[in-house]
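Novice: All chains should be built: construct the whole structure from the sequences, respecting the hints.
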Amino acid sequence: MKCLLTFFKLHIALFFVFTAFFFLSDIAHATSCYVRAGRYYKIDPDLLLAIAWKESRLDKHAIGQNPHGGYGTGLMQVDSQHFKELKTYGITPHRLLNDSCLNIYTGAYYLAIAFRKFGRTWQAVGAYNAGFKINEIQNQRRLLYSNDVKRIYLTIKRKKSSAINSIHPTKKSELFN
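Start counting the sequence shown at 783; every next residue gets the next number (the numbering used here).
Hints in this document: simulated from the structure, not taken from any laboratory. On a predicted model such as this, the values are computed, not experimentally measured, just so you know.
Simulated crosslink set (DSSO-like; lysine-lysine; CA at most 27 Å straight-line): (1) Lys915 with Lys932; (2) Lys866 with Lys899; (3) Lys941 with Lys824.
Label pairs and their computed distance ranges (CB to CB): (4) Gln863 with Thr903: 14 to 24 Å; (5) Arg818 with Arg839: 14 to 24 Å; (6) Arg940 with Phe865: 35 to 45 Å; (7) Asn947 with Thr870: 43 to 53 Å; (8) Ser944 with Lys866: 38 to 48 Å; (9) Lys866 with Arg940: 35 to 45 Å; (10) Ile895 with Leu840: 20 to 30 Å; (11) Gln847 with Ser948: 36 to 46 Å; (12) Gln922 with Arg839: 16 to 26 Å; (13) Gln922 with Ile946: 28 to 38 Å; (14) Pro849 with Lys932: 16 to 26 Å; (15) Arg818 with His850: 29 to 39 Å; (16) Ile919 with Ile946: 33 to 43 Å.
Using N, Cα and C, we set each Cβ at its ideal position, and we do this for glycine too.
Specialist: Dropping the structure here:
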């Protein structure tokens, strides 16, 4: 009985170790995808991360219903209105849900389109969610969305800065010597 109990405990421990390993490796993989997609589309990876947080709370399997019809998939909540276009590139809703990197790149692609239309502005960030239509309602939706993303983005930047300073605090005098 004692041997069986030890065997059982070992299996539980291994389960948690492997689960943690796969969870952490999945996070590391997604993190490198934000960096690579950001580099490819010339978008700050932290902005992509902020959008993913706003859209899905970083849930790669998220499926969100849109209030005006359709749905979003994955980390970046790529909208179902784009599925027909994406299918021509071999990108399916299933792949968007199961390939975090593809989802991040696809979201970055649509944000890059918004930047081309509106410039590198918070209005363009708002267009990622609220679309390109120019009217007062859409302008308001873009503003609300972009304000949320901006708050998240600044929090990410602040936390990164704080973490870097805690690892290597720099005295002001060291900067100018």
